[in-house]
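Given only the sequences and the hints, what does the whole structure look like? Please build it.
Protein chains in written order, with my numbering: chain A, 208 to 477; chain B, 91 to 398.
If you are wondering where the hints come from, they were derived from the structure by calculation, not from laboratory data. This one's a predicted model, so the numbers in the text were calculated from it and none came from an experiment. Ideal Cβ placement from N, Cα and C applies to all residues, glycine included. All the pointers check out, no bait thrown in.
Some, not all, of what chain B presents toward chain A, calculated at C-beta under 8 Å: (1) 144; (2) 149; (3) 151; (4) 175; (5) 177; (6) 179; (7) 183; (8) 197; (9) 198.
Negatives, chain B to chain A, calculated, CB over 12 Å: (10) 216; (11) 349; (12) 380.
Mimicking EDC-like on lysine to aspartate or glutamate, the simulated pairs with C-alpha atoms at most 16 Å apart in a straight line are: (13) A/302 to B/178; (14) B/337 to B/351; (15) B/112 to A/476; (16) A/474 to B/102; (17) B/97 to B/122; (18) B/172 to B/161; (19) A/475 to B/102.
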Amino acid sequence: MIFLTLVLSTFREAVAKKIFLGFFAISTLIILIFLFLINVESVEGMVDMMGAAGDEGIRKLVIGFEVAMIDISYLLIITFCLISVSSFIPSMLEKGNIDLLLSKPISRTNIILAKFTGGVMLVFFSLVYLIGFVWIILSSKSGFWHFPFLYTILWLTLSFAIIYSLIIFIGLVSQSTILSILVSFFLVFIVCPILYVREATIFSLVENNVVQFIINFFYYILPKPSDINKITTNIITGEEVSSYMPVFSSVLFMLAVLSASVFYFKKKDY
Amino acid sequence: MSIITTKNLSKEYSSKSFSKEKILALNNFSFEVESGEIFGILGPNGAGKTTLIKILLGITHRTKGEVKIFDNEINTEAYKMKVGYLPENHKFPNYLNGEQVMQFYGKMSGMSSADVRKKTDELLKLVDMEKWRKTKIKKYSKGMLQRLGLAQAMINDPELIFLDEPTDGVDPIGRKEIRDILEDLKERGKTIFLNSHLLSEVELICDRVAIMHKGSLVKSGRVDEITHISDNYIINCSDVSEVIMNKLMMNFKATILSINEFHFKTDNIDELNRLIDFMRQNNILIRGIQREKNTLENMFINLIGSQN
Ligand SMILES: Nc1ncnc2c1ncn2[C@@H]1O[C@H](COP(=O)(O)OP(=O)(O)OP(=O)(O)O)[C@@H](O)[C@H]1O
Ligand SMILES: [Mg+2]
Chain A
208 MIFLTLVLST FREAVAKKIF LGFFAISTLI ILIFLFLINV ESVEGMVDMM GAAGDEGIRK
268 LVIGFEVAMI DISYLLIITF CLISVSSFIP SMLEKGNIDL LLSKPISRTN IILAKFTGGV
328 MLVFFSLVYL IGFVWIILSS KSGFWHFPFL YTILWLTLSF AIIYSLIIFI GLVSQSTILS
388 ILVSFFLVFI VCPILYVREA TIFSLVENNV VQFIINFFYY ILPKPSDINK ITTNIITGEE
448 VSSYMPVFSS VLFMLAVLSA SVFYFKKKDY
Chain B
91 MSIITTKNLS KEYSSKSFSK EKILALNNFS FEVESGEIFG ILGPNGAGKT TLIKILLGIT
151 HRTKGEVKIF DNEINTEAYK MKVGYLPENH KFPNYLNGEQ VMQFYGKMSG MSSADVRKKT
211 DELLKLVDME KWRKTKIKKY SKGMLQRLGL AQAMINDPEL IFLDEPTDGV DPIGRKEIRD
271 ILEDLKERGK TIFLNSHLLS EVELICDRVA IMHKGSLVKS GRVDEITHIS DNYIINCSDV
331 SEVIMNKLMM NFKATILSIN EFHFKTDNID ELNRLIDFMR QNNILIRGIQ REKNTLENMF
391 INLIGSQN
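As structure tokens, then:
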């Protein structure tokens, strides 16, 4: 009950910080664009044309849209949601707020878990709204009800949860919203994408084994949102997923960072 | 029966990150708080008052020493269900309104929604914040926030309430109201532990006080014992002649302060009346006779002054 109150308060906080509303506005815009598109003559013509090529044609078209949606949603989640949750921990730690919270009958472990759960649920529901609507629009128009697309909600939520765990840790240690945003953006937009394509880029330039080993080392311990997106795409297009290692290692990273957060939070004086 | 007992409680903060230097915020602090009393901690800025409260609530960890409160460990849910807390400079989420603040902290104290609603109505009325309940707290004045903070500290009907500077920023009428609320809580058998700078106020309300300085206990005891009434009288009168002045000094051992004011020390009320008779016979107008009181403030300033 106390746990739930804290989880729900994170919802309220996200809404109070207007950034999160930006996510809803843009999601709604995307949904409206989809609604508009499927009623436009030329697109109808395209659907008819693809339909003429049989079910397979419509299938390809729908899946094409869906794969594009993965990247769009990922970008939206990372920018809007990550920015809006990154102030959760620093604002909780403000003097006069944290004192009172810690005097309440809830353990420090549960406070961290409630903040984590709140942020993850926030993103889950946002994705249900965005992906869910797009799916309904696509499916009802095409008549092709492609259920695997809905898994995107879970995969993107997972990607978010992994990065969010790091945001929590940095927020606890630095008590700085800006630093949390900077580090996570640096990781998500620069480090992870480079590590993801390390074989095609860095390794073709640097042949030194030691350097390659170090880069591989970082690749394996750091979270791998780019790989998870690739896996999601593969699942939707029906291609075979070669390895789930990126998922397991990223989840391991998340658990380790969360444990470190709890450990740090328990020790600290406020 | 004592509710809080501490033995040799100490707290060291590291002064800077990455530095070995330590600040001793509490130094072998031992004291007891009795059930049902209003207990006040006094001390200059940085004495360690807030640190003490935070340790008693498990917000800060003690470096060494023992604490016993009720019969619980500090960091248990059972203990925290029984206490209320008003932090100094509290900061509630400012997107909430008064009512929502009460509801949030009520639920965070493990209360049911129905109980929270009932208590919220009752307490907002008690602290005279009813007409502001739907207003966002970012529009509150300092005194209004403090009233809400006090109501919040009482939401779970706690046995023991910690108040860090409860009347900070509250006007004189509001302070009187807060004192009445605290008296009422005491009558209902609650124990109140408070920090304050306002010595006159502590004097009015506390049963017992502890004075601390640089983390150590300097003096503790009942307020009426610490601020005992002296047997020194201050007498104001019309201007007196030199002859009379000499007689007052010779016959009554009075200390002359000026041509119309002197001090007279006696523990015998007949002596005092003889002095009055003498003055009246010599046609001196008496403007006022006052018995000097050793206020908490005098006492505090003397004590802390002698420590520095
Ligand atoms: N988190 C902290 N880290 C380091 N030092 C601290 C911390 N909190 C308090 N201190 C130090 O501990 C000492 C006692 O501080 P405390 O806040 O308990 O004083 P106080 O008696 O409440 O003062 P005031 O009357 O100004 O509120 C001070 O020297 C302060 O600098
Ligand atoms: Mg203080």
